[in-house]
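Residue numbers (my numbering), protein chains in the order written: chain A, 1 to 222; chain B, 223 to 561; chain C, 562 to 717; chain D, 718 to 1271.
Calculated directly from the structure, the hints in this document are not laboratory data.
There's no promise every hint is true.
Stated by the list, open to error - With a straight-line cut-off of 25 Å between C-alpha atoms, the simulated DMTMM-like cross-links for lysine to aspartate or glutamate are:
#, chain 1, residue 1, chain 2, residue 2
1, A, 127, D, 955
2, D, 745, A, 22
3, B, 509, A, 142
4, D, 948, A, 141
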Amino acid sequence: MSSLAHESTKPEGVFEQFETLDQQQDTYMIGMWAFLVTEVMFFGVLFLAYAVYRWKYQSIFYEVHNELDLLKGGINTVILLTSSLTMALAVRFAQLNDKRGQLRMLGATLCGAFGFLVVKSLEYSAKFQHHHFPGPDFRWEDPTVPASVAQLFFSLYFAATGLHGVHVIIGILVISSLAILVARDHPLVKGDYIPTEMIGLYWHFVDLVWIFLFPLFYLIPK
Amino acid sequence: MWNFPIAPPQASNFASEFDALFGLLTFLTIFFTAVVGLVVLFFVTKFRRGRTANRSAPVNDHLKLELVWTIIPTLLGLAVFVWGAKLYIQMRTPPKDAYEVFVIGKQWMWHVQHPNGVRENNELHVPIGVPVRLTMISQDVIHGFYIPAFRIQYHVVPGRYTTQWFTPSKEGKYPLFCTILCGTQHSEMGGYVYALPQPKFSAWLANGGNRFQKPALTLGDQGKQLFDKLACTNCHGTQDTLRGPSLAGLYGKTRRFTDGSSVVVDESYLRESIINPYNRITQGYEKTMPVYLYKKQVSEENIRQLIEHIKSLGQPAAPTVAQQLESMAVRPAASSANR
Amino acid sequence: MAYSTPHEPASFHAEHVTPVATLLKAYAALITLMVITIATALAPHYVASEFFNSQIGSVFNNLVAMTIAVVKALIVLLIFMGLRNGSKTVRLYAVMGFVWFLLMFIVFADYGTRQWEPVRGWEPIAPGSMPRQRGSSEPDIERTPAPPPLSTIPGP
Amino acid sequence: MNATAQTHAHEPNYLEAGHSVRSWLLTKDHKRIAILYLISTAIFFFVGGLAAGAIRLELTSPKGMMLSSDTYNKMFTAHGVIMIFFFLLVAVPAVLGNFLIPLMIGARDLAFPRLNLLSWYMYMAGGLFAVLALLLGGVDTGWTFYTPYSSMYSNSQVTLTIVGAFIAGFSSIFTAVNFIATIHKMRAPGMTWFRMPLYCWSHYATSVIIILGTPVIAITLLLVVIERAFKVGIFSPELGGDPILFQHLFWFYSHPAVYIMVLPAMGVISEVIACFSRKRIFGYQFVAFSSVAIAALGFLVWGHHMFISSQSMYQGVVFSFISYLVAVPSAVKIFNWSATMYKGSVWLASPMIYALGFIGLFVLGGLTGLYLAGLATDVHLTGTYFVVAHFHYVMVGGSILAFMAGIHFWWPKMFGRMYNENLAKYNAIVVFIGFNLTFLPQFILGYLGMPRRYHYYYFAPEFQFYHILSTAGSTVLGFGFIVPVFYLLHSLKYGAIAGPNPWGAKGLEWEIASPPPVHNFHTIPIVRQEAYAYDAVAEEQVLDEERERTKVKN
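Excised from the complex, chain A in its bound form (with noise of 0.2 Å):
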């Protein structure tokens, strides 16, 4: 029995349970990929719901779906494409070994973030006020779309792109987390990508569940 590894040969940066830098850092983007998974699955059952309650009333949810403010849901979605890229150049400063770089585009990511909450945060005060929160206080002028599936629309609407946003305050945490790490040379980011590159992953996985809910809610086709 050979010893392959002592603790004494490991590089500095690696855990104890791995052996190399190498292995460490494929382990953790299988492991990030595998929790996307999740996330895809996470989503997917929304966006099925909501297939089969749009089959069903197809031109219902036309007609609701008029309510929603097509220009602000415009903004966030270039918003988000936006950060997605700074984002994405983070993670090519990190590669670089670019600091200043990389808290540039982070802070860049996190304004976006900001922005796309506060439009977001707008369009649901509107909803608000208008009453169309699901809820005992839901309410429905026109007579001729029932209410019952008016709600079911602004449901679905509201908890696909209320766990949106649940995953963009999160991602909010995570990159200001990790911009503070950067920013103090802490152990764990310091000459190592990977964490910028999984938060990346994270935030551009954000953006892509936004890329399908824009049109499905915005943009229904009569």
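Since chain A is already given, all that's left is putting chains B, C and D on it; use the hints.
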């Protein structure tokens, strides 16, 4: 306590075939369990640790053997699948002229209505030798309508009609259960099914069922009254008008909608258009129909009455219950069972 | 010191730094596609609806919107998320996630075929084929003197 | 590879690495976390078992014994929720999986030790919510939470329970992510995929099922909570929803969940049978791939829970067809295990007796599944005690017996001491008999038409005989589950020192000291052999020589 049967009574057209299939599966189960059990016991005793046995040249892989025990179970499984599917399709395909009984499930009772208006609660009287079709709907949560002696069971779902059918074959009193957990008194949501010979059944029906009250009106006639009371006739006349399409002869026809889709008019569609008229708008019409509030203005029972009435519109007079029974009795019971 | 097992060469690493130009191109493509989706959705009553009936038009427009969304998703996955350079395992997982997501749509086999069940209620009687009298509330059978008391019905 | 890895005997083992509570609750050591799981699942098992006892006692009379219908409904719901979400889904994967996977593949720990500890805390948090729900009045919806009853009508603690199940679900997702990354990337040099013990294969398949399925149930249950909280109609037909959609989503997860519970159990059986037959497992590749086939096909059969739920007839036929196909890989496993014993040297130690019991019960459980996968037979039998008996044969006869086999097999590895082997053997037989006495009558009950979840059955008092048989059996079974607690705990202090490899088993975990040192392997081993390099002939020769020697002495 010491009275324990090992099989439920066979009291419907499905029972004997079901039991045959059940018997086959039981045979296969016992056979394979015995084979595996005996083989394992044999190996355990023969190759028990410390016992002399020929252990040379052990086999660790054997492709042919693997294929054999992959393919044989697959084929056996498929054979059972085909038989089960055949019987299932038969169970899901009621004969066209079955005697129709309407069932409402609610927490925690079964409400049954016969076409001539006779009602019963937690009991069901059915004629022997006549195919009976149950049209079921729930008023609240999901229930399951289950008669073990008939080997039939189907869920009773709110918001949608479900059906099942059977031809009772043996006189008797059999338990009836709810099989989907529906709340506190779930286990008490049951009763008995009485399979009666036809003359007895006709007499029972004619005398107003258990309450010995002759019902004033059939389901369809009750529907007609309601149809007038809710002022449906104002818009739905014998001819299509600007305000509303005629409902005469509607049942079974294809209906086109404003969004381009279409549907063959069935009970579920009629039900939907009574309580949610704006879900789908018939081509050429506007959203002008008033909304009748479910459970407040129209109960589940009312909807059924209206549907029965709408079904009869534009049709030659529906046969009376007695005529229906009579015409079915002429046919040999077997032919109705195997359509 | 190759630690990785023989079946999976460690492959994606810092050497795969995506050039800025690629990222910008991807971004431009994403924005363009977004504009196209909104434009098709806002086009007066949909191009296709003009030519076909509204249902086909709606299907067509859905298809366009979803195709564009899928293309956008692919751009994000391949370029931003770096699947292009990902290891086999990572790609396998990415594909698996979306395939299983699609598997859930098997439920439409249920919703789509519910209408096909063979007999849904009485089939309409062809007019004139069965001349019968409109039923009264009185079933015209012989009046039996007394209904069978329930207790006489035999048990199982 | 030889048994000389014991050279570093002075290294502290993982149990000695700290005795404070803090050293346990903040540990990142996968072995300690496994022990934490073992303790907590055992507690949940006995809570769920108490509920089962109350149910069985209640059913001895057609009119009930002492509980109200409401309490009875809450009892079987508690039994189902606790046993499924907090015992079966966790027992084999998190207890044995945590302990064994790094040891079996030659790693120092799981890939993400912190995440692993977080999983345990999430599991405990979920469990606390469930227990809290129980204390605040309980739930009466059944573990299936069928809508609209759970979302609109039930007045019990549905929300709390669902939150508990939701958190526990994420705990198992994190565990699965951990296992997947570990098995992919942390195998020792030379440990190729096809040299891995089958236990790791089945765990890998299980983890894939968990990451694909668990999020589905999580979000579905979340939708139920939303529906309850805001009274919207996502699954409620009165407000435009479709209750059948809930069932689709529920079973999309919950059918594969059966495989989450049973696949790792099958892995345990593969290990135990190979070891105690002293043979390489028969048809290694077939057994390995059958795990993967079960994991993949398992996602395509959920509709067989819904044949009579008003889903389309056509879809029912297709689902039934695929269900028959998924039965095949399980059958292949059974045949391969049986064939493994051929020309082996079979040692009837207590883990092996449990494993043989598993084979017998799992065959019966699997074959009765064919009744329920068949369309026409399902119409009569679903929703009755036949289903109850069937899944208890698979879950208790399958998973729990395999769990017992695994615990007995690896107990000396976990704690370094042997339990009372004779007592364990007799106990295995008692469990087997008690189990059959409990659940065999339930097949007949189901055929007679006794619906499940029934408190009273006075409409058909002829069921009573079988219920009494079943209750009598459950007493024996309960006894069989309590006795091991005593002799296993007793062994911790008074058991004989086991040594690194008391069973003469092969595999990396048996080459290190028992209990294993903190970092498992002082040097990472290099694997040069296939798994299960047993040699029955050599084993018998050694035995023969020993016998000769004792003869000479006498």
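Now for the hints, and whether the structure bears them out:
1. A/127 - D/955: Answer holds: residue 127 of chain A to residue 955 of chain D is near 24 Å, not above 25 Å.
2. D/745 - A/22: holds (22 Å)
3. B/509 - A/142: holds (11 Å)
4. D/948 - A/141: Distance ~19 Å between residue 948 of chain D and residue 141 of chain A Cα, so the pair holds.
Comparing the model with each numbered hint stated earlier shows that all of them hold.
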